[in-house]
Each structure stands twice: as C-alpha cells, then as structure tokens.
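Just so we're aligned, residue 1 is where the sequence shown starts under the UniProt record's numbering, counting upward by one.
This list has only true hints and no planted wrong ones.
With a straight-line Cα cutoff of 20 Å, these simulated SDA-like cross-link-like pairs (lysine to any residue) come out:
(1) K151 - T124
(2) K212 - R176
(3) K257 - G301
(4) K257 - P282
These aren't lab readings, by the way, just hints derived from the structure by calculation.
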Amino acid sequence: MNTASFYRETWAEINLSAIKENVTHMKKHIGQNVHLMAVVKANAYGHGDLEVGKAALEAGASCLAVAILDEAISLRKRGITAPILVLGAVPPEYVQAAAEYDVTLTGYSVEWLQEAARHLGSATVPFHLKVDTGMNRLGVKTEEEIQSVLKILSQNPGLVCKGVFTHFATADEKNRDYFLFQFDRFKTLIAPLPLKELMVHCANSAAGLRLKKGFFNAVRFGISMYGLRPSADIQSEIPFQLKPAFALHSVLSHVKKIRKGESVSYGATYTAEKDQWIGTVPIGYADGWLRKLSGTSVLIGGKRMNIAGRICMDQLMVELDQSYPPGTKVTLIGSQKEETITMDEIAGRLGTINYEVPCTISSRVPRMFLENESIMEVRNPLLQDNTSK
Numbered sequence: 001m002n003t004a005s006f007y008r009e010t011w012a013e014i015n016l017s018a019i020k021e022n023v024t025h026m027k028k029h030i031g032q033n034v035h036l037m038a039v040v041k042a043n044a045y046g047h048g049d050l051e052v053g054k055a056a057l058e059a060g061a062s063c064l065a066v067a068i069l070d071e072a073i074s075l076r077k078r079g080i081t082a083p084i085l086v087l088g089a090v091p092p093e094y095v096q097a098a099a100e101y102d103v104t105l106t107g108y109s110v111e112w113l114q115e116a117a118r119h120l121g122s123a124t125v126p127f128h129l130k131v132d133t134g135m136n137r138l139g140v141k142t143e144e145e146i147q148s149v150l151k152i153l154s155q156n157p158g159l160v161c162k163g164v165f166t167h168f169a170t171a172d173e174k175n176r177d178y179f180l181f182q183f184d185r186f187k188t189l190i191a192p193l194p195l196k197e198l199m200v201h202c203a204n205s206a207a208g209l210r211l212k213k214g215f216f217n218a219v220r221f222g223i224s225m226y227g228l229r230p231s232a233d234i235q236s237e238i239p240f241q242l243k244p245a246f247a248l249h250s251v252l253s254h255v256k257k258i259r260k261g262e263s264v265s266y267g268a269t270y271t272a273e274k275d276q277w278i279g280t281v282p283i284g285y286a287d288g289w290l291r292k293l294s295g296t297s298v299l300i301g302g303k304r305m306n307i308a309g310r311i312c313m314d315q316l317m318v319e320l321d322q323s324y325p326p327g328t329k330v331t332l333i334g335s336q337k338e339e340t341i342t343m344d345e346i347a348g349r350l351g352t353i354n355y356e357v358p359c360t361i362s363s364r365v366p367r368m369f370l371e372n373e374s375i376m377e378v379r380n381p382l383l384q385d386n387t388s389k
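Can you make the complete structure from the sequences, with help from the hints?
Now the structure itself:
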C-alpha cells in the first residue's frame with residue numbers, strides 16, 4: 001500500500017484492465033463501425049472519471065459522456081481531448097463556456113435552443129438533440145417540435161447539431177413492449193433529420209447488450225463498462241462475461257475479546273451471546289458504508305464475518321471467529337480466496353440497484369487504480385496527493 005498517498009487503511013481498488021476488457025467485448029458485440037460512447041458521469045459511477053475515461057478511450061471508445069458541464073470542464077482541464085457530450089440540462093447562458101472548452105451539449109427543448117442562440121454571440125456550440133420517446137425527463141417529443149428545431153438551426157449557424165438520441169425507460173426489463181414502443185417512436189421522430197450527418201444513439205448498456213442490430217451508429221456504454229449487469233432480468237441475454245472493476249477494502253485496526261452479555265456500538269443493539277472476539281474496521285457511513293448495512297458480511301481470511309451492531313460514521317465492528325492481528329485485510333466488496341461479496345449483493349441489502357453503491361462510496365475513500373495487477377495511480381482528493389508510476 002502506498003502510504004505516501006493516504007494514511008488511513010481504507011481504499012477502493014479500480015481494475016482498469018477490467019474496464020478495458022469490458023469495452024473491448026462491447027466493441028466486438030456492436031461492431032467496429034458503431035461508436036462506443038463511454039459514460040463517465042458521477043466520477044465514472046464512483047470509479048474515477050479521468051482514469052476510467054483514459055482506459056475506455058485506449059480500449060476503443062470514441063468519446064465520453066458526462067451529466068453536467070462541470071464534469072466535462074474538469075476532464076478538459078486534466079487533459080482529456082476526446083469529444084465529450086453533456087447528457088443533462090445545461091442552462092443556456094453557459095453555452096459560451098461550453099464552446100470555450102469544446103464540450104458538446106444536449107439540446108432538449110425548442111425553448112432551450114432559442115435561448116441558447118441568444119447567448120451564443122460569435123461562438124459555435126455543438127449539441128446533440130434529445131428526443132423524448134417515453135422517459136418524460138428531457139427532450140422534444142412531437143413532430144412539430146422537430147420541425148421547429150430544424151427552423152431554428154437554419155436561422156442560427158452557430159448552433160451545430162452533431163447528434164440525436166433518446167433514452168429507454170425499460171431496456172433492462174424482461175417485458176419489451178414499452179422498450180419497442182420507444183424504439184419505434186424514436187425512428188419516427190428522427191426521420192426528418194439529416195441522419196447520415198449525425199451521431200445517432202438510443203442504446204444504453206441494457207439495450208446495447210440485448211440488441212443484435214439497430215444500434216444506429218453509436219451506443220452509450222454505462223453501467224456494464226464497470227462490469228455490472230443492468231438488471232438480473234436480462235442476465236441470460238448478456239452476450240459476454242462482464243468483469244467487475246470495483247473492490248472495496250479496509251483492515252482490522254483493533255481486535256479485542258468481549259465477555260458474554262457485553263454490547264457493541266451505539267444503542268447497544270448487539271449483545272454478545274458468548275465470549276466473542278470483536279474487530280474494529282476504519283470505515284463507516286461517512287465513507288458510504290451506510291448504517292442499513294449493519295449485520296451484513298465482510299470477508300476476513302477468506303471467510304464471511306458479520307458486522308456487529310450499528311455502523312458508525314467512521315468505523316464499524318465485526319464478529320471474529322478467532323483473534324486476528326491488527327492490519328489483517330478486510331474486504332467489503334470483492335473476493336478473498338473462494339468467497340466473493342458482489343455489488344449486487346450489497347445493493348440487495350440496501351434495497352437499491354447496483355448503480356447506486358459505487359456512487360455512494362465517498363471521495364474520502366482513496367481510489368487505487370490497477371492495471372495487470374500493478375498499481376498505476378492512487379488518487380486521494382483529501383490530500384490532493386496523486387501519484388503515478
């Protein structure tokens with residue numbers, strides 16, 4: 001462990017080789033003539049946007065996508081030169097900032113385009129048109145609005161439409177009816193556009209994995225780039241093995257034996273039924289290991305051990321089957337020997353989806369980036385102490 005980069009023995013390991021492998025498999029699946037857009041919003045779903053973005057581009061991604069303009073500018077300032085699309089709503093008064101950093105925006109309404117045109121000045125701003133086919137979040141949704149968009153573009157050469165896209169609401173569900181409705185609606189709405197000149201994308205990870213054709217000329221690769229399935233419903237339709245990229249580790253910082261009848265942690269909700277070894281682990285809900293995970297398992301010595309009592313802000317306690325030396329590795333997500341705790345297992349205990357789990361792990365948990373099992377970089381925002389090999 002590189003103690004020059006962090007001084008608290010809790011860290012996430014990000015396997016960049018896994019990212020590259022997932023991108024390579026997806027490129028093969030969709031075809032080399034179809035662009036792969038690597039979605040690195042929300043700090044690459046908690047994995048690390050810069051490092052994941054670079055790995056995806058090296059493996060064959062054509063461009064990156066983020067959610068907000070700040071994320072795109074941050075990537076530009078740290079050296080990313082590939083095309084970046086902002087998928088979310090950017091206030092139209094910031095179009096000149098987007099132009100300054102060569103960032104592609106999403107045009108999601110007639111009103112947004114009209115207002116953006118008023119703020120352009122002499123700038124030229126590329127954008128992708130968002131079409132709402134049934135998600136009812138952002139986008140134009142009628143044939144009349146499409147015609148209005150074409151009229152605005154003809155009057156404002158500084159607004160340059162580079163692409164068009166939609167987003168599916170149910171692509172990760174077994175029932176395909178609504179998905180197919182949206183797919184057909186998309187094809188109808190975009191028909192008047194000069195499609196040969198545009199990047200056209202509707203498939204997210206779920207749709208991209210399930211479809212065998214109909215990708216248009218681009219696919220957005222999000223959750224599955226990180227080795228996570230979009231949902232259990234489509235497991236049998238995933239055409240290649242996804243390789244998870246995220247693992248979460250800590251250590252035993254202190255070990256003690258408590259007597260039968262003694263309690264552990266806040267509220268004394270855990271009481272030992274026998275003399276019991278207890279280990280303290282320096283991770284808590286401020287790190288994203290939420291109190292709802294109290295009672296779940298961690299891995300120590302290749303065996304599952306249960307969390308004892310309530311998870312604290314910065315620490316948690318674990319039942320041990322014997323005394324272990326301080327410094328013994330604790331795995332919260334990932335593998336030890338033959339045992340594995342998956343992101344899906346943790347999501348199930350939290351009553352949520354796997355997307356949310358890595359996004360919840362806070363920035364005070366350093367990210368250690370590995371490639372071919374070698375440490376390439378450690379990023380610790382708390383110390384702004386980033387080291388590369």
